[in-house]
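**Q** Residue numbers (this note's numbering), protein chains in the order written: chain L, 21 to 450; chain A, 653 to 984.
The hints are simulated quantities; they were obtained by calculation from the structure and are not laboratory data.
All values derive from a computational prediction rather than experimental measurement.
Check before you lean on any hint, since a few could be wrong.
[To be verified] Pairs of lysine-lysine residues, derived as DSSO-like cross-links and limited to a Cα-Cα distance of at most 30 Å, are as follows:
id, chain 1, residue 1, chain 2, residue 2
1, A, 758, L, 62
2, L, 66, A, 980
3, L, 62, A, 980
4, A, 758, L, 66
5, A, 980, A, 758
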Amino acid sequence: MALSLGFHIIFAVIGIGMPVLMAIAERRWLRTGDDVYLDLAKRWAKGTAILFAVGAASGTVLSFELGLLWPGFMEFAGGIIGMPFSLEGFAFFSEAIFLGLYLYGWDRLSRRAHWLCGVLVAVSGLASAVFVVIANAWMNAPTGFEMIDGRITAIDPIAAMRNPASVQQVVHMVLAAYATTGFAVASVHAWFLLRNPDNAFHRRALGIAVLLGVICAPLQLLSGDRLAKMAARLQPAKFAAMEAHYHTESGAPLVLGGLPDSDAMETRLAVRVPRMLSVLAHGDVSAEVTGLDSVPRDDWPNVAIVHWAFDTMVACGTVLLVLAAWVALRRLRRRDLAGSRPLLRSLLLAGPLGFIAIETGWVVTEVGRQPWIIQGVMRTEQAVTPMPGLVVPFVLFAALYILLFVILLFVLRRQFLETVPGSEAEAIPA
Amino acid sequence: MTYETVLGGAILVAVIAYALGGGADFGGGMWDLLATGTRAERQRQAIEDAIGPIWEANHVWLILALVLLFSAFPPAFAAIMTALNIPLTIVLIGIVLRAAAFVFRKYDVHPDAVHRRWSTVFGIASFLTPFFLGLCLGALGSGEIRWQDGQAITGFFAGWTRPFAVGCGLFAQGLFAFLAATYLAVDTTADPELQDDFRRRALLSGVSLAPAAALVFWISMNGAPDIFEGLTRWWAPILLALTSACAIGALISLWVRSFRVARLLAVGQVSLILIGWGLAQYPYLLVPDITLASAATADATLRMLTWTLVAGSLLLLPSFWYLFRVFKGRRP
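Put together the whole structure using the sequences plus the hints.
**A** Given below as structure tokens:
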């Protein structure tokens, strides 16, 4: 399940981000009449289609797996988180419909109608992300029900969806999806521009892709900060594990890196920034920050994993932020992006960072919640299927996913690397 | 009418829509594998053109049915997913392989050996997936899966390994093949040779459905007594008459080449068969331990879900109509 989610999150992120790029490209084509943008929109649409097909398959696997692996959880919570999942189903539906229209409707729809379909794909992608993340947020901050004798009663699905974690988590995830897609796509086009700096197609592509990254990366910093403050309040165990913060204290230092040792209750070889943690958690240099010592040992997540995942995520985000600043600076000084080889090289290398940040961020929220599957309500071992030999489906699904991934790379490579777009288009003088 | 009945009906509608859309896409895959003769490549191309724009949207019906099931009837979802873990896993593998194969065929630019191998995977997955889906639906009604105190006490092999379920699986395959061939006969109006190919295929699979249906009905006497009893209630003869009328009408229309009428009647036939199954199984979700009422979740959720469905349909049905009008409508 974790593995499936780990894969799916990548496809899903691209499924949210790519339609935006594709719609922007088509919009520019409509505005300027520049056929390079049309070519770009078509190629990005193909990429979107491939990823969507694979994403839809992995999403189907997930919805089955909910039941195949977690019948206990679904029986318990289906009535509550079913609501956002149903809404997500509708969003997914309209995404599939309009993507079909978009992909195959180039010569059957008017230009405006076609572009609108592209916009609707992007909007539906966004909506499905919102609903799925709401469901996850509920697991972190369960509300909207009462527990009587271990059974859930008085369910209020609306209240459950308006749980305190929803807004922060949704914003964080959506921004992450946009920024990641922007930088990942920029990376691909930077690779081409390094070889052929005058290619008009890739110059325009890069321009649109970094735009998305440059806008979202700084917003992500704000959103991350607010999310962390919320975690400090609602899930102190998770927050303490993220920061490898063992002892409750005021004016707590921020721990960077290091080797958390849960038995000795200390983190060795770490860099410490005095009082910084109190600021991050509560916006006050002397605020008290709850440490793991205030949480029963049985309720601790794996501190080393959560701490390192968190620091990796933040590091990736920081690098992307610096890169975004670099791009923005060059743009403000009206210098050509493709003219700087160091910038192109950095963009190329930064391509995977967004995905790493998303995967590690997801590890933080999931592993950080352990041993709970629903924070404070249900433990993970109560939710898992009684089916013996879980190893078999695990290996099977792992193999399937690896297969999907290999196919994906193979097809994408054949699609995009072995054809040279825009080669006949005239180069723009730098 | 209670909310759980409405939602149960909605699940049935989603299953029917999935059979009519996604099922036909499976059928297309079967004919893809069976494409032979000098026109094989053209047949494959026609199938790909027909499926391409709509198959993602068709696929979502399955997800909708699943999501409704676990949102409105969580214990039933848990029970079904536990007891039918093995065949459902196989269905999943089939779905994933099919998607992968389709992507590969569609977007891979070089028609070489690797390409052809993926076509074969696509075809085989198209055969197996509906079989196991039918198997699972059959198992639900067999009465052999018992669920007590949140445990599947009959283990992981009950129901779906019996002749009745196998019969349902085979029947589903035949039904989807028939649907696909009938649709394709309409889609290939521009190419009379291909249209003839698909007409022959539709007639062949359509005729073979009748004895298959009789066989499944006969097995249900022992294999699924509750379904059998359901099929002998007062409404059953009416439904049977309607279904048969559709089936025979579809075959005659194919014979006289009124392909659009044939498509309409085939749709009617498949819908009626599934409605019959739904009515026979009502009020059970999983015969004999789980009913709609016993598995229903809190009223507040049911109410919300129902209204979400209504609102969602208002948004989606026009979109759906637009999709099909653009790609399947009459072209000048």
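**Q** Against this structure, judge whether each hint is valid.
**A** Evaluated hints:
{"no.": "1", "hint": "758(A) with 62(L)", "result": "holds (15 Å)"}
{"no.": "2", "hint": "66(L) with 980(A)", "result": "holds (22 Å)"}
{"no.": "3", "hint": "62(L) with 980(A)", "result": "holds (23 Å)"}
{"no.": "4", "hint": "758(A) with 66(L)", "result": "holds (10 Å)"}
{"no.": "5", "hint": "980(A) with 758(A)", "result": "holds (20 Å)"}
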